[in-house]
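J.: This is what each chain is made of:
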Amino acid sequence: EDQVTQSPEALRLQEGESSSLNCSYTVSGLRGLFWYRQDPGKGPEFLFTLYSAGEEKEKERLKATLTKKESFLHITAPKPEDSATYLCAVRWGEETSGSRLTFGEGTQLTVNP
Amino acid sequence: NAGVTQTPKFRILKIGQSMTLQCTQDMNHNYMYWYRQDPGMGLKLIYYSVGAGITDKGEVPNGYNVSRSTTEDFPLRLELAAPSQTSVYFCASSYPWDDSSPLHFGNGTRLTVT
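In the order they appear, the protein sequences are chains A and B. Just so you know, we're using this note's numbering here: the first sequence kicks off at 202 and counts up by one. Just so you know, we're using this note's numbering here: the second sequence kicks off at 1016 and counts up by one.
If we strip away everything but chain A, and leave its shape as in the complex, we get (with noise of 0.2 Å):
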């Protein structure tokens, strides 16, 4: 079954404590990896898109990868304001049938000051 699963479900960081996200996922033909930042009673935000294995971006504290079964989200350093939920989404498909979008359920950051 194609499927995004991400963890863990919740992550609680002290200020300045470096971790690492994970959305392992199992689909045929990925087109494309994304990671969304989303705050409370906020829709997601748009942080990366990664497209092959040994791909890498950043920006500020966040650093993302991608294997071919899963993607990391390293944060160096965080501070409060990271604090928030992150998402994946995988777009996957073959290119006779489409691509589908299909989402992780996400994993709650708490930085503590």
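It is worth saying that the hints were derived from the structure and are not from the lab. Some hints here could point you the wrong way.
As the list claims (entries may be wrong) - The calculated label-pair distances, taken between Cβ atoms and stated as ranges, are:
(1) A:E218 - B:P1090: 41 to 47 Å
(2) B:G1055 - A:S221: 18 to 24 Å
(3) B:P1054 - A:E246: 38 to 44 Å
(4) A:G299 - B:D1053: 21 to 27 Å
Said to hold, decoys possible - Heads up, simulated DSSO-like pairs for lysine-lysine below, C-alpha to C-alpha not over 27 Å straight-line:
(5) A:K269 - B:K1029
(6) B:K1029 - B:K1072
(7) B:K1059 - A:K280
(8) B:K1059 - B:K1072
(9) B:K1059 - A:K270
(10) A:K269 - A:K258
(11) A:K243 - A:K269
(12) B:K1072 - A:K243
(13) B:K1024 - B:K1059
(14) B:K1059 - B:K1029
(15) A:K258 - A:K243
(16) A:K243 - B:K1024
(17) A:K280 - A:K258
(18) A:K280 - A:K260
(19) A:K243 - A:K280
(20) B:K1059 - A:K243
(21) A:K260 - A:K270
(22) A:K243 - A:K260
Quick reminder that beta carbons are idealized off the backbone N, C-alpha and C, glycines included.
With the hints as your guide, set chain B onto chain A.
T.: Coordinates of chain B only, in the frame set by chain A:
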């Protein structure tokens, strides 16, 4: 540049009532989507549209209807509301659905059906 705007932000409905969730975007995006978000579950696609006059079902379309008369607007209609439709609804838009196009989301409508 407002992006994607959804109204209302909150709504409480009684079982069997109907309502329309409004969504408008000012980015001239052809593609628009409606998702619902339930606790512990990923965003689920309800309906989408690839342009004015064209709509199609997503994963969970039952109990909903949509229309797309203009590029900017994509309202979602709930007929005969049921408790199972209690959720947070997000509208999104994008350029043509290619591999590089991220979705731009509104801030959601929180709907409770009692």
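J.: Hints first: check each against the structure and report whether it holds.
T.: Verification of the hints:
no.	hint	in the structure
1	A:E218 - B:P1090: 41 to 47 Å	holds (45 Å)
2	B:G1055 - A:S221: 18 to 24 Å	holds (21 Å)
3	B:P1054 - A:E246: 38 to 44 Å	violated (20 Å)
4	A:G299 - B:D1053: 21 to 27 Å	holds (26 Å)
5	A:K269 - B:K1029	violated (47 Å)
6	B:K1029 - B:K1072	holds (25 Å)
7	B:K1059 - A:K280	violated (31 Å)
8	B:K1059 - B:K1072	holds (11 Å)
9	B:K1059 - A:K270	holds (22 Å)
10	A:K269 - A:K258	holds (16 Å)
11	A:K243 - A:K269	violated (31 Å)
12	B:K1072 - A:K243	holds (25 Å)
13	B:K1024 - B:K1059	holds (19 Å)
14	B:K1059 - B:K1029	holds (23 Å)
15	A:K258 - A:K243	holds (24 Å)
16	A:K243 - B:K1024	holds (10 Å)
17	A:K280 - A:K258	holds (19 Å)
18	A:K280 - A:K260	holds (14 Å)
19	A:K243 - A:K280	holds (20 Å)
20	B:K1059 - A:K243	holds (17 Å)
21	A:K260 - A:K270	holds (23 Å)
22	A:K243 - A:K260	holds (20 Å)
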